[in-house]
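Peer 1: Read off the chains here:
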Amino acid sequence: MSILSRNVTRRRALTIAATAVTVALAATGCGDGGSAPALPGAAGGDKAAQSVFDAAPVASDAEIPAGSTMDKIRKRGYLTVGGSLDAPLLSQQNPVTGEIEGFDADMAKLLAKYIIGKPEVKTVTIGTQTREAMLQAKEVDAVFQTYTITPQRATQVAFAGPYLTSGLAVAVRKDETSIKSVKDLAGKTVIVGANTPAVTALPEAAPGSKQVAFATDPQAVQALLQKRGDAYVQDFTLLASNAKSNPGMKVVGEPFTTEAYGIGLNHEDTEFKEFVNNWLRKIQADGTWAKVWQNTLGSVVEGGTPTPPAIGSVEGS
Amino acid sequence: MDALTGHLGEFGHGLVTTVHMTVVTTIGALLLGVIVATLRICPVPLLRGVGTVYVEVLQNLPLLALLVLFVFALPTIGITFPLFTSAAIVISAYEGAYLAEAIRAGINTVGVGQAEAARAIGLTFSQSLRYVILPQGLRAVIQPMGTICIALLMNTSLAAAVGVVELTQAANNVNLVEAQPIAVFTGAGLAYMLLALLISRITGALERRFAIVR
Chain A
1 MSILSRNVTR RRALTIAATA VTVALAATGC GDGGSAPALP GAAGGDKAAQ
51 SVFDAAPVAS DAEIPAGSTM DKIRKRGYLT VGGSLDAPLL SQQNPVTGEI
101 EGFDADMAKL LAKYIIGKPE VKTVTIGTQT REAMLQAKEV DAVFQTYTIT
151 PQRATQVAFA GPYLTSGLAV AVRKDETSIK SVKDLAGKTV IVGANTPAVT
201 ALPEAAPGSK QVAFATDPQA VQALLQKRGD AYVQDFTLLA SNAKSNPGMK
251 VVGEPFTTEA YGIGLNHEDT EFKEFVNNWL RKIQADGTWA KVWQNTLGSV
301 VEGGTPTPPA IGSVEGS
Chain B
318 MDALTGHLGE FGHGLVTTVH MTVVTTIGAL LLGVIVATLR ICPVPLLRGV
368 GTVYVEVLQN LPLLALLVLF VFALPTIGIT FPLFTSAAIV ISAYEGAYLA
418 EAIRAGINTV GVGQAEAARA IGLTFSQSLR YVILPQGLRA VIQPMGTICI
468 ALLMNTSLAA AVGVVELTQA ANNVNLVEAQ PIAVFTGAGL AYMLLALLIS
518 RITGALERRF AIVR
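Quick note, the sequences are listed as chains A and B, same order. Read in order, the letters of the first sequence correspond to residues 1 to 317 in this note's numbering. Read in order, the letters of the second sequence correspond to residues 318 to 531 in this note's numbering.
Wrong hints could be hidden among the right ones.
Stated by the list, open to error - Just the calculated beta-carbon pair ranges, DEER-fashion: (1) A/ASP86 to B/VAL361: 46 to 52 Å; (2) B/ALA422 to A/PRO247: 52 to 58 Å; (3) A/GLY187 to B/GLY366: 49 to 55 Å; (4) B/LEU507 to A/ASP86: 30 to 36 Å; (5) B/GLY326 to A/ALA55: 49 to 55 Å; (6) B/VAL361 to A/ALA137: 57 to 63 Å.
Don't read these hints as lab results, they were simulated from the structure. In this text the structure is predicted, and so the values were computed from the model without any measurement. Glycine included, C-beta positions come from ideal geometry on N, C-alpha and C.
With the rest of the complex left out, here is chain A (with noise of 0.2 Å):
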């Protein structure tokens, strides 16, 4: 009797064994559908991207000394660049074709461009904890990262830009009504992305909200979706586009902090900076920096382009 009890519980296992494995299949491969849907300038995004790329500007040979960091970049005939591969409209890698796409990942093409004269990068994967040594290291050439502006930071890496303004917003379930603004966060438990500016700006905009950090975004959408948390507080252009591909989740209020993304670079290299720097005003002024913005963050975000920010504004850059 206690063997047939033992087979028919092992079969029952089994089959509970087999249906979580099913289900956490599903499951996993719902999170990769997530986010790449979240990539909606990619389709035909290719072309406009390359056109860009061919109308964009190229340093003239008297802007690049001899022994200059762009000198060497040039002769090496590729950028090396520090960034991400899954950050969606920002630096994602593309599947199909391999490429990485996104803003940042644009913005270091161009630079490319500039110094080379095609748009040659070689992207280095690199986490959040490692930016400062790669640069002091030399690792890299600059990097394209979302990197926020902050003056602890601009004690060792040095800042081109800011390229890019972006803010914080907070993202709910579809279905949920009591959460308008940061202001309501206060008590709530907070889904934040590890090592985002969100995990110390939430304790200054909502006092007494809880945090959970997830490792990387479609974690994060996912752990709201299934409740572990009752918002999702993450860069409002992240947001946007994780909205539009996630039915089950919604933007709430304005984004509630400034993030000011800057060029991080060598520190010592303050030639490298002001070359950068030029190169940034210059696509500023000639409409190149508003083609990549409408190619890639302006296919999620409502009303039109922004002013592009005014570079050294900030505190450390």
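Given the structure of chain A, go ahead and fit chain B onto it with the hints provided.
Peer 2: Coordinates of chain B only, in the frame set by chain A:
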């Protein structure tokens, strides 16, 4: 150095969570390890099979994948555990598989004559296990079990990926403000090293106390 001393509160909280997680998980993993090792040597073929499958499945999957699956897949079938509990369950189950193998190795060091003698004086399987085999088997593998506990301590840092603010996540959070990765992570590393040293001292003392001179 200011990056460390200015955030002792955060580091302290992280350290307490790491220690809490390590203690809870070690107890869970030890219990599971003994049970699974017993399954693997028991006379019923079906139970031996279950033990083998458990060890093979859990040893051969990366811990991070298990954590992410447990935390994000179970809620889709309506089971949601708090994050700390989820991480503790998964790490216990994972390290339990390693401990089971260490304990089984210990059991194999006990001579066949011991088991035969136990049977000869009329002990049942569970009695001979409890009074004869396990007490000798466990004593033989105190050191490897200590090593696995140290690995367990290091593996608790993976809980950071699923939202548990333990020492590594605390260090990440401090670094986000201070942008001093070398100081911050050296500090966290030293804390892990001290904890690991503590575990190895404890296992050393236990081994001296319980070792059998053969």
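Peer 1: Give a verdict on every hint.
Peer 2: Here's how the hints hold up against the structure:
1. Evaluation of the 46 to 52 Å hint for A/ASP86 and B/VAL361 yields a pass: the beta carbon distance comes to about 48 Å.
2. A C-beta distance of roughly 53 Å is found between B/ALA422 and A/PRO247, which places it inside the suggested range of 52 to 58 Å.
3. Between A/GLY187 and B/GLY366 the beta carbons are some 50 Å apart, a value that agrees with the proposed interval 49 to 55 Å.
4. Our hint of 30 to 36 Å for B/LEU507 and A/ASP86 holds, since their Cβ atoms are close to 31 Å apart.
5. Checked against the given bound of 49 to 55 Å, the beta carbons of B/GLY326 and A/ALA55, roughly 53 Å apart, stay inside it.
6. At roughly 59 Å, the beta carbons of B/VAL361 and A/ALA137 sit within the given window of 57 to 63 Å.
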